[in-house]
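> Below, each chain spelled out in residue letters.
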Amino acid sequence: MYYASGGEGMTRPERMCLMDFDSDLTRSTVEPIVLRLVSERPMYGYEIIKVVNERTEGAFEWKEGTLYPCLHRLEGAGLVKARWRDSEGGRRRKYYAVTRKGAALLKKKVEEWGAFTAAANALLFGTAGA
Amino acid sequence: MGKTQQPAPDGMPFEHLLDEATASLRDDEELRLDVRAELASHLEDKRDDFVAKGHSDNEALDLARQSFGAPEDIARDLLAANRRRMKLRALARLALRAVIVPAGILACVLVFANTIARFGRHKSALHAMNAVQPLGADPVSGMAPSTFADLPEESRLILLGDPARKTESARQRAIWEAHPDDMAFFGNYVTALTSEVRPGHGEDLFEGELRRGMEIDPGNARYSLLLASHLLSAAAEEDWSKDTGDRLIVKDRALLDRAMAEHLEACRMPRLRTYTLDMLSLRLGLLPPEARVEDRLLRTEMAAGILLPDLALHRRLARVVPRYAEMLIAEGREDEAREILDSWFGHASLLAKDSWSLIDLLVLNAILSVVEDKYSEVYRDLGDAEAAEETRRLAGRIRAPVQAFVDSVNAESGDPTLVAKREESQRFLQRSGGIFVSLVMPALGDEMLRITPDALAPGAQLEHTLLEQAGLVLVMALVLLAMFAALLVTLRWRASLGADRGPLLVLPSWQDAAHILGLGVVAPLAGFLVYTRWTGLAGREFALTYLLPRFAVEVVLLVATIIFLALSLGSAFVRRRWLELGEEAPPDARGRRIGIGAALAVLWAAWLFVRGEGSAVIVGTIEAVVLGLALLVIVAVGVMRFFFGRDTRRGRFHGSAARSLLPVLAGAAVLIAALAYPYLGARERDLLRRDRLMSIDPDDPAFTKPERDLTCRLKAETLKAVAEVEAERPRRQ
Chain A
-5 MYYASGGEGM TRPERMCLMD FDSDLTRSTV EPIVLRLVSE RPMYGYEIIK VVNERTEGAF
55 EWKEGTLYPC LHRLEGAGLV KARWRDSEGG RRRKYYAVTR KGAALLKKKV EEWGAFTAAA
115 NALLFGTAGA
Chain B
92 MGKTQQPAPD GMPFEHLLDE ATASLRDDEE LRLDVRAELA SHLEDKRDDF VAKGHSDNEA
152 LDLARQSFGA PEDIARDLLA ANRRRMKLRA LARLALRAVI VPAGILACVL VFANTIARFG
212 RHKSALHAMN AVQPLGADPV SGMAPSTFAD LPEESRLILL GDPARKTESA RQRAIWEAHP
272 DDMAFFGNYV TALTSEVRPG HGEDLFEGEL RRGMEIDPGN ARYSLLLASH LLSAAAEEDW
332 SKDTGDRLIV KDRALLDRAM AEHLEACRMP RLRTYTLDML SLRLGLLPPE ARVEDRLLRT
392 EMAAGILLPD LALHRRLARV VPRYAEMLIA EGREDEAREI LDSWFGHASL LAKDSWSLID
452 LLVLNAILSV VEDKYSEVYR DLGDAEAAEE TRRLAGRIRA PVQAFVDSVN AESGDPTLVA
512 KREESQRFLQ RSGGIFVSLV MPALGDEMLR ITPDALAPGA QLEHTLLEQA GLVLVMALVL
572 LAMFAALLVT LRWRASLGAD RGPLLVLPSW QDAAHILGLG VVAPLAGFLV YTRWTGLAGR
632 EFALTYLLPR FAVEVVLLVA TIIFLALSLG SAFVRRRWLE LGEEAPPDAR GRRIGIGAAL
692 AVLWAAWLFV RGEGSAVIVG TIEAVVLGLA LLVIVAVGVM RFFFGRDTRR GRFHGSAARS
752 LLPVLAGAAV LIAALAYPYL GARERDLLRR DRLMSIDPDD PAFTKPERDL TCRLKAETLK
812 AVAEVEAERP RRQ
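Going line by line, the protein sequences match chains A and B. Quick note: my numbering has the first sequence finishing at residue 124, numbered continuously throughout. Quick note: my numbering has the second sequence finishing at residue 824, numbered continuously throughout.
No wet-lab data here; the hints were simulated from the structure. Beta carbons: idealized from backbone N, C-alpha and C, even for Gly. A portion of the hints provided could be inaccurate.
Unchecked claim - Covered by chain B, according to a simulated footprint, are these stretches of chain A (three or more residues, beta-carbon under 8 Å):
id : segment
1  : 28 to 40
2  : 52 to 63
3  : 75 to 87
What the hints assert, rightly or not - Not the full set, but computed from the structure, chain A residues with beta-carbon under 10 Å of chain B:
id : residue
4  : 43
5  : 71
6  : 100
7  : 101
8  : 106
9  : 114
10 : 115
Required output: the full structure, derived from the provided sequences and hints.
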């Protein structure tokens, strides 16, 4: 969602350039993205990485060192709750789901991001953006 | 993310990689294991993906490892992300160790200490009630001054006297000294003095105070009667044995003449006031409201203790009079003999007016019985058959109401229908009344027929509540024992495995804690409450004496249920966490748990329908003890196996389970103490308030209300007879 709004109208090679993102920009987007994904359904860490990779067509390729500290911060702040469950294959995995507090924050962040990208797009591309 | 991400070195196995990546979390071993297990699951998923893409197992392993990133960087980021959580968890662990566990122990200790203190007060009160009280002894005065520490100084003075003084009479005298115009306080002081005077000890003081009483309280026969009795003690010895017949062994005739003169003088006085009822009423009114059973026992003890200060001397004087009259007749002093014999009516009418308890009236009845037999016998010896018959008839008339009551107490006398009713009533009292009620009420004869089940219920339930409080102490003792066992097991595995690999304190979430304590502790207690109060299956309408064995089994079943549920739920939680942490745990003993749970359920179900012969609920003591012991052994064996298993391979699990269950048990102790103890206390207060049968009204004191009603009725009938006899006697004379 964030990618789509920031890269609308760009070609595939142009979008791929975004893989080498500025670390501050990445840090500010990881938490809302994780919140967004686990608000769709409970997900485990590896699943989140795969979904991010798929939906960004490889533009975002998160590492364990990016995702798990983020998940733990969110859990510590009460924005997500974790629960161990046995998956279909029998492997025990830790699933994360958004809490009510996390959902409220996500809503706020999405609105904030929309306004921010619209303003930034207007300045950078001369368009109203998303 | 903004850091150098070097891939993990080739050849590093997952285990080592995971240990390095989570090394920064070592201060919170449970959290570290949790994160480690999560990362392990992640790596395995990744390896599987590489295998699915066509890589060999070894290649997939290497690729997964390489793409993991630098473990040092991950460790640093994980620490930063979890630092706040680790602090909170450290605080939670500290709270469990330093607050919950001590609070659990404290709850047990407080319940024990309070119970021991209450038992001490019960014992003291019951001992005082059972002990042979010296004449005029006041139970309150023997109590520690701290008993009434909350009362104002003036109230404490009236209740206890001046505790600083050495003798009882001196302590009681202090009340009169503070209120010199109050004759009740002087009478109370004299009552204390009567129990202290001995031949050659305190006689002058006693006589002096009696003379003072005659002076400041003229017209009150009590002081003359006390002086007569005192003089009689020095003047003669009595031998009332059946073998020899009534004999008076005179030691000092002059003193005997003085004693009888005082007696005669007293019997001519208008009134007799011992002031015992006034003092009792005053003191009862000063006591704080009843909150505990011992408060009621204290009141009963007070009523019993200050009830009978002078009754023995009245009987003694009444028995000596005919023997003294015989001596006068032998000396040819027949007129004086008639005069002293005629004193019986004055004596009897004084006693009738000052009677307030059934025992007062029974003593009057006994004295009148002596008059009927012995006095009329002496008249006959005088050759005055008419006076003999008149005395017998009039004394019999005055004692008729009380004698009719005495006959009714004998359940086997009277018409068969009434006898059957009395027997049924006695059985009813024994089955449905409190212990004290079933002891006291049958002595009230047909008065017990008027007692309704509604009037009996609060007293019987009060005793059940006391027993439930004793059961609560047992529950707390067993929980404390289980806590101690858990501590021992923790220490054992800590010593065996070392501090690094020692037992973990697994933190439950609040949902897990609520689940364990709710289902393991609150639910059984609530179930027990429903069972005993509202199902009608527990037989709580029966007296404690009938229910005691049944109750003992129920408490054991309840304790077994609480311990089984709390330990099962607690260990299931620890086991689940243990597996989540990727640690080795013993196989789930679900079958055994279900078996024990089903056995307990069957026992409960069977127990609900146990019925004894001749009663809806009673069971034999032996069955109860055998079943109780069997249950305790089963629970003890289960607990010992759980705590003291020798499987060292899984020692860390057993140690961690024990360590983690320690705060669960402590929480259970706090919860039980916080829920059950106040509830039982409130119920005790409520039942005390509702039990009017055994309550003592300061404005109208009596042992029991039925006794008060009976005494009032008998006293009114006796006084009516006294008035009729009084009207008749002058006409004859």
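> Against each hint, give a clear statement of whether it holds in the structure.
Now the hints, each set against the structure:
1. 28 to 40: With 3 residues closer than 8 Å to chain B, the segment 28 to 40 of chain A meets the three-residue bar; holds.
2. 52 to 63: holds (count 6)
3. 75 to 87: It holds, with 4 qualifying residues against the three required.
4. 43: 8 Å, holds
5. 71: 8 Å, holds
6. 100: 19 Å, violated
7. 101: 23 Å, violated
8. 106: 21 Å, violated
9. 114: 21 Å, violated
10. 115: For residue 115 (chain A), the interface hint is violated, since the closest Cβ of chain B sits about 25 Å away, which is over 10 Å.
Violation of the numbered hints given earlier is confined to hints 6, 7, 8, 9, 10; the remaining hints are satisfied by the structure.
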